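K.L.:
Residues per chain, in single letters:
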Amino acid sequence: MENPIDQKAARRAILVGRIAFVWALMIVARLIYLQVVKHEDYVKAAASQQLHTLEIPAVRGELLARDQSPLAISIRTESVAVNPMRVKDPDFFASVMAPALGLKPEDVAREIRQRQDRGKKGSGRGFLMIKRHITAEERDRLNFLRRTFQFEILDDARREYPNGLTAAHVVGSIDAEGNGNAGLEQKINEDLRGKPGKMMVLQGSRQDNYVSWVTQDSLQGVNLTLSIDRVIQHDAEKFLEEGVKASGAEKGTVVVMDPQTGEILAMTNYPTFDPRHETPTPGEAAARHSNIAVQIPCEPGSVMKMITVTMGIDTGRFTPETQIFCENGAFPRPNRKPIHDVHRYGTLDVAGVLIKSSNIGVAKISLASGPKSLYEYLKKFGIGDKTGIELPAESRGILRKQECTSNADTNCWTPTSHEYIAFGHEVGATAVQLARAVSVIANGGLLVQPHLVIGKSRPRPDGRMEKIPVEIKPPQRVLRPETCFTIRRIMERVILEGTGKPAAIPGYSAGGKTGSAEIFENGAWQNRHNSSFIGFAPVTNPRVVVVVTMNRTPKLGAIAAGPAFKKVAETALRVLQVPKDQPETDVTPKGPRMLESNELPENRRAEKKPEPEKKQEEVAAEPEASPNLVGPRVPDFRGKTMVAVLRESAELGLQVETIGRGQARQQRPAPGTILPAGARIQVQFSVTQ
Amino acid sequence: MTTLSALWDWLAASKAVSGSAANGGDTDFRLRTLPREEIHVYVKPIDNTKVVMLVDKKDWAASLGMAGGVVVASLLLIALLLPGGFNLLASHRMEQLKNEREMLVNELRDLRSQEAEMRSPQNLEQWAGERFSTPQAASVVFAPPTKGTVASLR
Chain A
1 MENPIDQKAA RRAILVGRIA FVWALMIVAR LIYLQVVKHE DYVKAAASQQ LHTLEIPAVR
61 GELLARDQSP LAISIRTESV AVNPMRVKDP DFFASVMAPA LGLKPEDVAR EIRQRQDRGK
121 KGSGRGFLMI KRHITAEERD RLNFLRRTFQ FEILDDARRE YPNGLTAAHV VGSIDAEGNG
181 NAGLEQKINE DLRGKPGKMM VLQGSRQDNY VSWVTQDSLQ GVNLTLSIDR VIQHDAEKFL
241 EEGVKASGAE KGTVVVMDPQ TGEILAMTNY PTFDPRHETP TPGEAAARHS NIAVQIPCEP
301 GSVMKMITVT MGIDTGRFTP ETQIFCENGA FPRPNRKPIH DVHRYGTLDV AGVLIKSSNI
361 GVAKISLASG PKSLYEYLKK FGIGDKTGIE LPAESRGILR KQECTSNADT NCWTPTSHEY
421 IAFGHEVGAT AVQLARAVSV IANGGLLVQP HLVIGKSRPR PDGRMEKIPV EIKPPQRVLR
481 PETCFTIRRI MERVILEGTG KPAAIPGYSA GGKTGSAEIF ENGAWQNRHN SSFIGFAPVT
541 NPRVVVVVTM NRTPKLGAIA AGPAFKKVAE TALRVLQVPK DQPETDVTPK GPRMLESNEL
601 PENRRAEKKP EPEKKQEEVA AEPEASPNLV GPRVPDFRGK TMVAVLRESA ELGLQVETIG
661 RGQARQQRPA PGTILPAGAR IQVQFSVTQ
Chain B
1001 MTTLSALWDW LAASKAVSGS AANGGDTDFR LRTLPREEIH VYVKPIDNTK VVMLVDKKDW
1061 AASLGMAGGV VVASLLLIAL LLPGGFNLLA SHRMEQLKNE REMLVNELRD LRSQEAEMRS
1121 PQNLEQWAGE RFSTPQAASV VFAPPTKGTV ASLR
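Chains as they are written, first to last, in our numbering: chain A, 1 to 689; chain B, 1001 to 1154.
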């Protein structure tokens, strides 16, 4: 017989077992419900808590000077913003938040209230930037307040311009949203700003990242190395400001360029602006968008004579010695006003026309060459065409078409235009265009592309730099080198003997041309000029081209712009470590007569000039001998071989420039003349027949 | 065989004896009669003195196998979970390093900016103007001319 106690115990055990089973079943059922039925919901919920999509910010590219020092650089920062509609008590919020950020509580409270008062549909009511670019200390203080107040700490970036005003018009500036609004910052904005990417991040409860993976690659901003030299740029700005104030001008600009490569070493305008000011004054805002050197063409005046004379010589119609009668100051023109010169000149040679800056002389050269030829040479020098420099809103200058399409076409040359364009009227050019035009003469006949960017690189994710090739238009030959060499020598005489004396650089030979164009405004001449000076140095192998323009100045040409040219060119040559080629004390040495072919005895014999004009020419070409002009006498190389010439010149310590091969036939300067310090002897060889 | 009440009595008695011995008096701590005291607890006397442990190699191997299996399973489990955990920690460290790198790169940018500002021509010119001036003639000391010097300022 079975024990009744055992039966009871068994029943109880079974009961307990059943309860446990049901309980376990319920747990399993619940687990199945949570993990199978509600699987997707909970996966989503977990992902929303742990998985975040973050933006990989693209840091704006840097703008670097020639020496790799930053001109503009972006630094990542953080900013604090709040939704004013979520702030219940603005006073309490401001009283706690403002001290943590170094702000005035009343200002913060007022801003919040103003946005709250805009109502539900008011624009900008839901966002208030409390403070941009907070410091690390402020960030730490805010961390304690994050659980108390609803505010956001946003990623931001601060653009710094460590050199201040230096190269402001080249570098430009950015607006509050980080987009360029002037200079290179604007022109190359897309490259500089890059493209932000995206990444997924698995975060822990403390919002620290555990795993991240990139879903969309970011493209960092391109770093640009500019051709700007900080020292030349700074000094150019300083000397321009001095020059503008001294000449009573309203505005001014300076461009310094390497004529061989087209690299802009300095470019400045006055007035300028401070790119660090996010909210500029009206004056600064106007200056920011007015890059005179690139955007505003003005009548170049006599500067244009350089092109006209070059045309005359390059086409072979004229030589530097060709005599031109300059009508004693007034050149009567049929059915219109005569063309005048400032001074009355009788007969001048072509070189004298440029040196004395005779309007009548160049008008006659233009008349003899014809409008088609002048237009062609203007185009060769790049007048009327954009230079392609990497700055916004570049002007192509003012040069109308040479041929009219119809009688109603007014945007073309009149039958008399070429007479006036020859000396810089009816035409407009920017300072950069003028710098390019002078470079053609300075580099021996190549039209180069002025440019600022000499290097591009992009930071890779691994920290290395990826170099990006810079596309520069290759130089294009537009003139014969011989023509350029001749014009260089004539332009040297402009400084030594002509209108450009204030631009003489101590210790260096330099060539240049002055220019003045009186401003005609509101139907009257304003007695204000656009005065300019363009030039290069040293003459034998020009390393820099400098263009100085003073706008609306009462002073003319070299008096207004010459001193600035001299100072800027001097600095540039010093910084570029160009050796001096003239005695430093002899600021206005005697002209380099060595290149004048009439110096040769045979030419002297062949030359027949009217007596009075010859006297005038001699007075112009031969200033008083400088007491400092002492040097060796030029030996007679004629009839000798090249080896003998080189040996003899080496023994005497003379520099010789050889042309051709065979026996020496001609030499400049003539034998027996005193050679100025730094000058070379040009010896022409030819094969004996 | 003894009853539950007797068992309690026995337990209580031994405590009572030790307690009364400490107090110096005899106190009866007998339990009162418990209900259902007819329940008997059967105590079977077992004599293990003659028990000899037999070594069963099969059992021993089975036990060892079981223990080994558990250890291996544990190790496998650990090996299965460890890389994942390690990966998680390593990636967390990597993320920290990435952040640190970004912070340092940013700091470098800031320092480069400060350096450029200090070395800007404008700043150098200002410093040169403030700190450097031409010394007076009396304060200039000329170095003595060296042996090969042809001419000197003094």
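Quick caveat, the hints were computed from the structure, so don't treat them as lab data.
Keep in mind that this is a model prediction, so the values were computed, not measured.
Treat the hints with caution; some may be incorrect.
Not the full set, but computed from the structure, chain A residues with beta-carbon under 10 angstroms of chain B [as the list claims (entries may be wrong)]:
(1) A65
(2) I73
(3) I75
(4) R76
(5) L142
(6) E160
(7) Y161
(8) P162
(9) M200
(10) V201
(11) L202
(12) D208
(13) V211
(14) T215
(15) Q233
(16) K238
Straight line, CA to CA, 25 angstroms or less: simulated SDA-like cross-link-like pairs of lysine to any residue [to be verified]:
(17) A:K195 x B:E1095
(18) A:K198 x A:E177
(19) B:K1098 x A:L54
(20) A:K456 x B:E1117
(21) A:K238 x B:Q1122
(22) A:K401 x A:P459
(23) A:K467 x B:D1110
(24) B:K1098 x A:N143
(25) B:K1098 x A:Q49
(26) A:K238 x B:Q1126
(27) B:K1098 x A:E55
(28) A:K187 x A:P459
(29) A:K195 x B:L1080
(30) A:K38 x A:E55
(31) B:K1098 x A:G204
(32) B:K1098 x A:K555
(33) B:K1098 x A:N407
(34) A:K195 x B:Q1122
(35) A:K131 x A:K187
(36) B:K1098 x A:T135
(37) A:K198 x B:E1117
(38) A:K195 x B:K1098
(39) B:K1098 x A:V214
(40) A:K555 x A:K187
Glycine included, each C-beta is placed from N, C-alpha and C at the ideal position.
K.L.:
Which hints, by number, does the structure contradict?
P.N.:
5, 9, 14, 22, 29, 30, 32, 33, 34, 35, 37, 40
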